[in-house]
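Chains as they are written, first to last, in numbering that gives the first Met the number 0: chain Z, 0 to 845; chain F, 0 to 366; chain W, 0 to 263.
Take every hint as true, because none was put in to throw you off.
Quick list of in silico lysine-lysine cross-link-like pairs, DSS-like style, CA-CA up to 27 angstroms:
hint, chain 1, residue 1, chain 2, residue 2
1, W, 148, Z, 552
2, F, 327, W, 231
3, Z, 601, Z, 586
Read the hints as simulated data drawn from the structure, not as lab findings.
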Amino acid sequence: MQDLQSSDCILIQGSNMAECHPVGFRWVMEAKRRGAKIIHVDPRFTRTSAVADLHVPIRVGTDVAFLGGIVRYILENDRYFHEYVATYTNASAVIEKAFADTEDLDGLFSGYDPERRRYDIGSWQYEGAEGVVPAAGHKELFAEPGAGGEGRARSTTYEHRDPTLAHPRCVFQILKRHFSRYTPEMVAEICGVPARLFLEVAEDLCRNSGRERTSAFVYSVGWTQHSVGVQFIRTAAIVQLLLGNIGRPGGGILALRGHASIQGSTDIPTLYNLLPGYLPMPHVGQAKGLRDYLEFNRAATGAWSDFPKYIVSLLKAWFGAAATKENDYLFDLLPRLTGDHSHLSTVSHMADGELKGYFVLGENPAVGSVNGALQRKGLRRLEWLVVCDLVLSETAEFWRSAPEIERGDVRTEDIRTEVFFFPAAAHTEKDGAFTNTQRLLQWHHKAVEPPGAARSDLSFVFDLGRRLKDLYASSTADKDRGIRHLVWAYPTRGPREEPEAEAVLREINGYRVADGAPVDGFAALTDDGATACGCWLYSGCYRGGENQAARRKPFREQTWVAPDWGFAWPANRRLLYNRASADPEGKPWSERKRYVFWDESKRVWVGADVPDFIVDRPPSYRPEPGALGIAALAGTDPFIMQADGKGWIFAPSGTLDGPLPTHYEPPESPVENALYGQQCNPARLEWQRPDNPYHRAFADPRFPHAITTYRLTEHHTAGGMSRWLSWLSELMPSMFCEVSPELAAEVGLENGQFATVTTARGEITCRVLVTARMRPLRIRGRTVHQIGLPYHWGSCGLVRGDSANDLLAMVADPNVQIPEAKAFTANIVPGRRARDGGRHAAQPRR
Amino acid sequence: MSVAHTDDGRHIDASIGVLSGEGAQIEVESPEHAYPTTRAVSARVPVRDVDPTYYDEPVLKETPWAWAIPVYFYVGGLAGAASALAASAQALDRRGLGRMIQRAHRVAALGEVVSGGLLIQDLGRPARFLYMLRVFRPTSPMSVGSWVLSASGACSSVAVLCWGRRGVLGSIGAVAGAAAGPLGLALAGYTAVLLAGTAVPVWQGARRTLPPLFLGSAMASVGSLLDLGPLSRRERVVARSYGLIGKTVALAGAALLELEVGQVPRVALPLHTGASGTLWQLARGLTGASLLLSLLPGHGSRGRRVASGLLGTAGAMSLRWAIFQAGKSSARDPRATFRQQRAATSGRTRAECDESMGSRPFVSTRS
Amino acid sequence: MGEKGFFTDATLCIGCKACEVACKQWNQLPDDGFLFTGRSYDNTGALGATTWRHVAFVERPALEAQADGGGGFSWLLLSDVCKHCDRAGCLEACPTGAITRTELGSVYIQPDVCNGCGYCVSACPFGVVERQEDDGRAFKCTLCYDRLKGDLEPACAKACPTDSIVFGDRDELRARAAARVDELHRRGVGSAYLYGESEASQPGTEGLHAFFLLVDEPEVYNLPPDPVVPTKRVGAAWASMGLAALAAGAAAALSVLAGRGARS
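Work out the full structure: start from the sequences and follow the hints.
Take a look at the structure:
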């Protein structure tokens, strides 16, 4: 993240960085101190905007239109970084003839099946490539085409390309045509951003890109929590590839995640469809054995071709000596996916009574997940619920403290769920690592013993595993073999027999099976069972037997890249794809932006950071025809995770809703899509059920205003870590909404008084904050009001209030199943909600 | 979860947390008692004001003093002026005014004891009242006053016990009584300096006229009090003279105070509006009425004197309350502070200052 | 040890209130109740006996309405604190000697001496110190005296993520602040200026140990434009009292003499 300090222009969009990542924001302030221009594009004028040089108010959910407009600006005005685009991206690749763009099909791409609401991506491929060109990060959607399945063991050819970028079906021209109607006037009409403001942003980005200057994008859940979230990020990636900013110091795209260690939660995943290190979870009916699994998932070329080493090492770590080549390293003992087991789908099934039990560790879905009423309904249908948390959160208390119970719609006596509550240890009471948003592992040491019966999550899970192993020790059933063979022998410490966290880290790093010696990195992993590794991505974090994540060399004693502070994956690389910081000949693009470059005398890549490339591969290297694996990467292929080593402006596979980003309106919008007949994301995930009602897609007269949810600095997510602390609670004691003075006047809202916001899913009461920081926008000739709702409040804690998520419906991005949380419609009226019983946000002390 | 924690707004579990912070020792019964900033919900949407304040939030803190203090101003003034009268009488007419001197000594001593009690009552930590005498800090009117009250009280008490006796005791009493005189004047007047030595606009703005006002009012208090009881002819003359001078000075002082404070009209606002304004007018009216009654022929009659005394006493008490309340209002009014300071720097109004500020809103013109 | 202090730069503040929370946590102060004020994001209100850092939020819409939106709107953010004045009103008013000047130049109230007379409350030209009603004593920012004695910097400065609050030697801070103002002027922020950094710019307090960089008039941030420690002006009151006392003494004498002249 400190790479931001060397940016010349930082565009913060889909993020309220100063409020939600205040410590990381110091790097933006450092960049500003050095003269960088800070631009904040956000529906609200926030504390980030207060210190930015420019704030651009935008309508929620229209970021593709805005960024697409920038793409068009770059292309129309010839501002793209020619050499970079030509050599490092797939701009020159020719796409096959059957491809049809949204311009042809009024908002759809070729291959759409309206019944299944899915795309067949066969027509999106490179001309001449056989089958589907595999994408780097698409492994998790194993069952989907594009996981490398049909393209097995074939190199992707680049015969069909046009270096002049003139071929009508080359990516560059397709891109140009795709965004041709995203003019500044269209941006104004869709986003509500005045054309001159838009042009100022576009010009700032262009002016600050190229050999001598770099611009960075910063985004967070303002982009991800949309039904087209992945495409928002894709558009930014296209902009940055065109401007030549990826892989360069002060450039790139910084993804800001939502919690301190949620990056770790996806790396060593709590996600249903991933194994550690983003290895795909096997799917039932598809993989009958390790070989098929490997065939389906590996890429023939590129760094992902080494994938077999990672899965075999993982299996060795989990099953130990019992895992041998003969039994496919006990791969068959891994559970199989049967479909979409993501959070929202699971909750939907839960609400239908199809789940028995639920473990909730450090999460508060009763407040923090969309459609709160449905979440709590799901909890009521369970047989048992286990909650591990620091406080008695709303999820733990759903059976006696919930809006439905307060209203009298549900009675505690009728709920049959058995609830177990385990107090959890705080981060100061246990050893462990955070993996922060910039892929940085930072170790934290236990400072005090947890009080009473509180225990760490590690302790809980380890103990649970031991008891399960004991329970099934004598079972002969086939389904129980997994638990029985699981190696679970972490050393323990202390009277409470807590597992040593460092031992887990050592396993994650990986070791040689023969002597237990830690490996230096994932390059040392093998697929013959000689190595074991808990997560190949993290390999190197215990290199040389030293806890790399615990390193704390002060910044004054090392370079600005600070490689001796903690450990960044992969292999302590701080900037990904940094090969692109040097030109095709291996020289830095400029002295000012020198980072990693080729040292001709030593014949290696050197620089401020660990080179993200084969360290001894010269820039002049060209692969033999038919080369496979890593050998297929040329010396000018910086994007080593892709099969073709190029940055993908056009994505032949990897996304389910299009190879190029397209402006789709949010599922509930005040207005029609101005560009296409296709109103919303055609592939979005929906849950059509009576308890998840949707509004009309646009201009629903009952719900005329746009609403968005967000965070405040003072509170933390669903409130478990902040609304129980008096020092934080007093800073923001009440649930409130932010409205513009114009909306307040129109509806009759008074600053400081109460208002009720309603959707078809529910209604909430909150205080009103009338502020000019919210601005009505002119969209297609009419005024659109936006209402801001922080989502931190619930029915428990020192300060209580209604939950904003009770207003939202379950609808999600198809690629990653992340729910839409940022753009819906609603209505607002003054006064408290009906049958309130006088409850208001400023509660008397308990 | 039943974790034993303090419910005083800290939520610290005393069994695992050590309460050693500087603020940990603050005993809090209810956190909502924290300074009630005008935190009534603000209905105004922010606009750019030509005459800005921060949501009308006071810039100063209102004094935490309560009813005991204005009452003390009266009682202390009464006691002090009584000592002065007694000392003069001691020096100039000991034999003729013996009874009056004794009475005055008693008033003084009793008044000072009561004063002490009132002040102790108002302390946040009454048990520590002796700490007032830990140091002598000449910069602080309150420090000076504490010593003056203590010394004056001691002298007056000795005078009560010893003056008029024979022999050594009598001499001691005489000395004590004499010393109590100037000390009493200091006692009667320092409270004005006490108020003037604060940042409160109306008090600081009246720093030249407040002392004579208080002294005059103190004299008037004594005259009024004496008028309530039976007096010999000589005593009547003394009391009346003292009272007349006092009331005149008080009325003149009040008028001059309005002039001094009124240099910045906003600062004088509490004298014209609200409870303090009412009290101010009342005080002047009562004092004036008392003065009038004293001047009219037939003032010697008992009934007239009692009426005059009551009016005068009420007037003096009201005056202290008026000033006290005015100070509270004044501290609550941010514009009073702002305009007083803007005017002081350049003699111009706030709007006039605005135009010439340029990039630096405030430039001190004083060295 | 030299004179230490704070330099608080409003242009670096992101309004995160880490300073407020760090102060409360380190000093184990109680909360001030849970009241929604409707004043932008400021639910704290002001400094007080149990709030020693307070972040001010001022929303300033553009003076001229700009049809296009964008630009001309500012949200001023500033962390307010006890100024630890060179001539401190509270210190000079305190009759018990509870309020003292430490070796670092800060102003510190000794809670074991304070008897809650409340005089300091009225004497502070910034409205900082306050008497806590339940406890009875007066409290304010200690400049983390306990931390300073342990060679740590104050909690608020430590917590501030953007170094809007900087702690250090006062001379160094002054130099830093002056450079910062120059830098801002060069970048077009002409309204930036320093508040209370020296005796010359704030003769009434003779300079503050905790001074600020502001971008609008002091009143906007609830700071007095020209604060004066009351004891600087109290001499006039003493003089007036002295004269009046003499006159009162004369009046007493006259009254007695008048009595002597009367028939018994």
